[in-house]
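Going left to right, the sequence shown walks through residues 4 to 299 as our numbering numbers them.
The hints are simulated quantities; they were obtained by calculation from the structure and are not laboratory data. Warning: the hint list may mix true and false statements.
Stated by the list, open to error - Result set (DSBU-like, lysine-lysine): computed pairs, CA atoms no more than 35 Å apart in a straight line:
{"hint": "1", "residue 1": "K118", "residue 2": "K278"}
{"hint": "2", "residue 1": "K92", "residue 2": "K278"}
{"hint": "3", "residue 1": "K118", "residue 2": "K92"}
All values derive from a computational prediction rather than experimental measurement.
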Amino acid sequence: MTLEQLRIFVAVAEREHVTRAASDLNLTQSATSAAIAALEHRHAVKLFDRVGRRIELTEAGRLFLQEARAILTRAAAGEQILSDLAGLKRGRLSFAASQTIGNYWLPPRLAAFRKRHPGIETPLVIGNTETVTTAIHDGLADIGFVEGEIDDPHLAQESIATDDMSIVVSRDHPWSVRDAVTPNEFGETSWILREPGSGTRQLLETVLREAGRTLADLDVALELPANEAVRAAVEAGAGASLMSRLVVASALRSGALVEVAADIPPRRFLILRHKERYVSRAAQAFRELLDEEAPR
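Construct all of the structure, not just a fragment, from the sequences and the given hints.
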């Protein structure tokens, strides 16, 4: 059994598709299929079932996937230690970030880091708070950034920045001429929300809870999986939404959206790492960059 076979198996298992896995790994489909077949033949176990045009993990495959991921994580940690010996001249520092951070706050900081350390690869995966937390917990990324509060004793979390939030509506919305609204008035209009697991949605739930209300008291017109989709729906007049000012700044300047005053507290951006995993020199260097811009 080789690390390459394990990487191929994990890629196929996560995508449930041989061709897509082969493409992402820059391998031929035949080489990818051969690696899976070699594992199954050598150990006399079936890892995948074919169901129509797709494949699914067998029970043995699901159990093996956990171990394969753990082995690859350990191998990556060993590789990172060796990379450190090169004095940050080469290596890899992987990131996972929730959408607002990953699309707006983090990219200029990644660019500044790459300018200092051009030999360090900095792959970034963007998801919601829940998926980022899982990625750090499972060792799929070295550093995570989220907007929502998390509850995982295995992860160290620290506030790294704050994010101002706004209630926004289209310029034709009845609230566009209001001086302010309160949570008790949120039921007057339709809402466009992010999906469950989103930090933005979590903050809205907190604001409502403190006012003695829940999401069930709102008319939720749409639930959408991306900030840009939510912003477009609000601009089209589908209702109100709570969004980061980082996301809506350009739309507010152009007049496509109107901010409605409300007592919404800023939220924290949190940096995450696994308490039990090695902190590489690259991770230390990235944290030093963030500390340099922190207010004194």
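Hints, verified against the model:
1. Annotation: proposed proximity of K118 to K278 holds, straight-line Cα distance about 28 Å (limit 35 Å).
2. Restraint check for K92 and K278: the C-alpha separation of about 26 Å stays at or below 35 Å, so the hint holds.
3. As the CA atoms of K118 and K92 are separated by approximately 12 Å, the hinted pair is consistent with the 35 Å bound.
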